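S.K.: Now for the letters of each chain:
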Amino acid sequence: MAVVLVLADHLDGKVRKTTAELLTIARSIGEPSSVFVGANVSAAADILGKYGSQKIYHCDSAELTDYLVVPQAELLAQLVAETSAVAVLIPSTPEGKEIAARLAVKTGFGLVTDAVDVQSVDGKIVTTQSVFAGSYTVKSTPSKGNAVITVKPNSAPPQQKPAQPELVAVAFTASDLARTAKITASNPKEKSGRPELTEAAIVVSGGRGTGGDFSKVEDFADSLKAAVGASRAAVDAGWYPHTSQVGQTGKQVSPQLYVACGISGAIQHRAGMQTSKTIVAVNKDEEAPIFELVDFGVVGDLFAVLPQATEVVKSSKG
Amino acid sequence: MNIVVCVKYVPDAQADRTFNDSDNTTDRTNVAGLLSELDEYAVEEALKIKEANDGVVTVLTVGPAAAADATKKALQMGADKAVHVQDDAIHGSDAGATSLLLARAIEKLETPPDLILTGMASTDGTMGVVPTMLAERLGLPAVTYASELTVTASSVSVRRDGDIASQTIEASLPALVSVTDQINEPRYPSFKGIMAAKKKPVDTWSLGDLGVDAGEVGLGSSWTTVESFSARPPRQQGTIVADEGDGGKKLAAFLAEHKFV
Numbered sequence: 000m001a002v003v004l005v006l007a008d009h010l011d012g013k014v015r016k017t018t019a020e021l022l023t024i025a026r027s028i029g030e031p032s033s034v035f036v037g038a039n040v041s042a043a044a045d046i047l048g049k050y051g052s053q054k055i056y057h058c059d060s061a062e063l064t065d066y067l068v069v070p071q072a073e074l075l076a077q078l079v080a081e082t083s084a085v086a087v088l089i090p091s092t093p094e095g096k097e098i099a100a101r102l103a104v105k106t107g108f109g110l111v112t113d114a115v116d117v118q119s120v121d122g123k124i125v126t127t128q129s130v131f132a133g134s135y136t137v138k139s140t141p142s143k144g145n146a147v148i149t150v151k152p153n154s155a156p157p158q159q160k161p162a163q164p165e166l167v168a169v170a171f172t173a174s175d176l177a178r179t180a181k182i183t184a185s186n187p188k189e190k191s192g193r194p195e196l197t198e199a200a201i202v203v204s205g206g207r208g209t210g211g212d213f214s215k216v217e218d219f220a221d222s223l224k225a226a227v228g229a230s231r232a233a234v235d236a237g238w239y240p241h242t243s244q245v246g247q248t249g250k251q252v253s254p255q256l257y258v259a260c261g262i263s264g265a266i267q268h269r270a271g272m273q274t275s276k277t278i279v280a281v282n283k284d285e286e287a288p289i290f291e292l293v294d295f296g297v298v299g300d301l302f303a304v305l306p307q308a309t310e311v312v313k314s315s316k317g
Numbered sequence: 000m001n002i003v004v005c006v007k008y009v010p011d012a013q014a015d016r017t018f019n020d021s022d023n024t025t026d027r028t029n030v031a032g033l034l035s036e037l038d039e040y041a042v043e044e045a046l047k048i049k050e051a052n053d054g055v056v057t058v059l060t061v062g063p064a065a066a067a068d069a070t071k072k073a074l075q076m077g078a079d080k081a082v083h084v085q086d087d088a089i090h091g092s093d094a095g096a097t098s099l100l101l102a103r104a105i106e107k108l109e110t111p112p113d114l115i116l117t118g119m120a121s122t123d124g125t126m127g128v129v130p131t132m133l134a135e136r137l138g139l140p141a142v143t144y145a146s147e148l149t150v151t152a153s154s155v156s157v158r159r160d161g162d163i164a165s166q167t168i169e170a171s172l173p174a175l176v177s178v179t180d181q182i183n184e185p186r187y188p189s190f191k192g193i194m195a196a197k198k199k200p201v202d203t204w205s206l207g208d209l210g211v212d213a214g215e216v217g218l219g220s221s222w223t224t225v226e227s228f229s230a231r232p233p234r235q236q237g238t239i240v241a242d243e244g245d246g247g248k249k250l251a252a253f254l255a256e257h258k259f260v
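Respectively, the protein sequence lines represent chains A and B. Just so we're aligned, residue 0 is where the first sequence starts under numbering that gives the first Met the number 0, counting upward by one. Just so we're aligned, residue 0 is where the second sequence starts under numbering that gives the first Met the number 0, counting upward by one.
Just so you know, the hints here were simulated from the structure itself, not pulled from any lab data. Fair warning: there could be bad hints in the mix.
[Unchecked claim] Below are the EDC-like pairs computed for lysine to aspartate or glutamate, each with C-alpha atoms no more than 16 Å apart in a straight line:
1. A:283 x B:242
2. A:123 x B:226
3. B:258 x A:294
4. A:143 x B:169
5. A:190 x B:160
6. A:181 x B:22
7. A:283 x A:310
8. A:138 x B:226
9. B:248 x A:195
10. A:138 x B:162
11. A:190 x B:162
12. B:80 x B:123
13. A:250 x B:123
14. A:283 x B:245
15. A:188 x B:242
16. A:283 x B:243
17. A:250 x A:113
18. A:276 x B:15
19. A:13 x A:195
20. A:250 x B:242
21. A:143 x B:256
22. A:316 x B:256
23. B:248 x A:62
24. A:250 x B:160
25. A:138 x B:22
26. A:188 x B:162
Nothing here was measured: the structure is a model prediction, and the numbers come from that model.
Can you build the whole structure from these sequences, using the hints too?
M.R.: What follows is the structure in structure tokens.
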């Protein structure tokens with residue numbers, strides 16, 4: 000069966016949910032093997048095996064993490080050649096898309112980004128994407144059969160298929176070009192303790208209507224164990240960091256539930272959340288465009304509505 | 000300092016964007032187009048660097064005839080000259096082919112750039128891969144998603160804000176840098192700028208001018224094939240209630256009913 004390489008997304012060996020999703024998807028088009036970059040592969044091997052990795056190619060060379068993107072693309076190109084992989088699945092993060100981009104040029108494989116589904120149909124790989132702010136669904140196939148695909152989080156429920164993967168250490172030396180964009184400083188962000196925005200099942204976002212006070216939004220989010228997002232207006236005003244921005248120029252999310260608080264719902268924002276399964280909004284303005292999208296909406300002041308909702312949710316949880 | 004800014008002409012995101020039934024390509028003629036919003040930040044950054052360093056800014060685009068509007072806007076903002084790669088055979092090109100055309104155009108410029116700037120992604124395809132593919136083809140370092148950029152005569156230093164950490168990345172010139180919408184506030188063209196733009200040089204190059212074979216670009220050369228497209232049915236509006244002192248309770252009830260609690 001055809002080999003599909005999956006680039007493992009992890010932090011110090013702790014494998015993220017997206018990797019389990021990618022391995023699950025990889026199994027519908029071939030036999031997955033994981034590629035693990037960095038230290039602590041032993042911590043990750045269990046999960047990577049649980050979701051079906053036949054092999055785990057691992058490499059801990061400092062070059063892979065000190066330099067931006069290129070060494071990882073080169074490593075993957077090397078493994079593609081060695082394994083004759085027909086596809087490489089990479090998480091749809093900014094870094095993941097860049098690795099995919101360079102890998103596609105190196106291999107000539109078809110490049111599909113932000114896939115929400117990957118299937119094998121009549122022996123061909125078929126990807127599904129949601130485009131134009133979610134208004135169209137597109138199906139594509141790689142022209143020569145081989146593909147590099149970046150997959151969005153929350154695209155497939157992870158399903159276990161335990162395997163006993165063989166750990167294969169890979170020898171790798173980065174090229175000179177690979178050593179040209181160096182990461183010279185890294186300031187880790189404070190962990191909020193909340194789920195990551197693009198992976199969360201529930202997202203609660205705040206906009207201009209918060210007036211800069213996100214406390215009610217955050218309390219409500221915490222009662223639902225949700226991630227917190229922000230509209231562009233809120234980010235531009237300096238109320239919340241850019242990494243929380245949901246919208247055309249920020250992140251595109253597709254959670255099970257999206258709650259927009261004090262957000263008018265301009266196209267720029269809608270482009271970032273329109274494909275959420277259930278959409279709820281709270282806004283003082285009954286004419287706000289966001290209400291055109293909602294499954295449920297409250298016309299009211301979020302400073303009154305959210306705390307009341309938070310209390311009910313918390314007490315129902317006991 | 001010689002700077003090239005790559006820009007894209009895209010269908011207006013506020014309009015009803017769609018595909019051509021004939022060949023599943025993006026409809027670029029029946030929808031009004033404009034300079035991609037994210038590219039404005041790249042143009043602005045180029046202009047700021049030019050003003051501080053005494054440089055020349057060339058704006059480059061690959062696109063149909065109407066794409067001249069995108070380069071025109073950049074010239075009006077203050078870019079010095081424009082190059083527009085245009086050829087019917089380019090229709091239906093994918094990101095790979097676009098990056099190839101941009102690379103060949105850059106290689107053809109009289110003076111090689113010290114710095115290539117781009118937006119972080121287009122607002123139509125939103126792949127965000129062309130900048131990196133272009134750097135790959137030119138054999139250059141790419142420092143992407145810059146929210147802050149410092150340039151010296153020989154290097155660049157970028158701050159990029161990721162989810163887990165805020166990083167500083169450095170590279171020597173020549174390099175490619177893509178910028179986010181956090182990096183600056185793009186200027187509006189002044190009246191003077193609009194007038195001056197009319198006299199600025201615009202070169203239009205075909206495939207023949209670039210030495211690129213028609214078989215390397217366009218629909219037929221694409222590494223992926225769009226098999227089908229379908230419009231998602233518009234969302235039906237659900238229930239809207241007014242808060243009469245119980246809005247929060249109703250919200251919580253909805254969530255419970257739908258098993259989110």
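S.K.: Determine which of the earlier numbered hints do not hold for this structure and return their numbers in increasing order.
M.R.: 4, 6, 7, 9, 10, 12, 15, 18, 20, 21, 23
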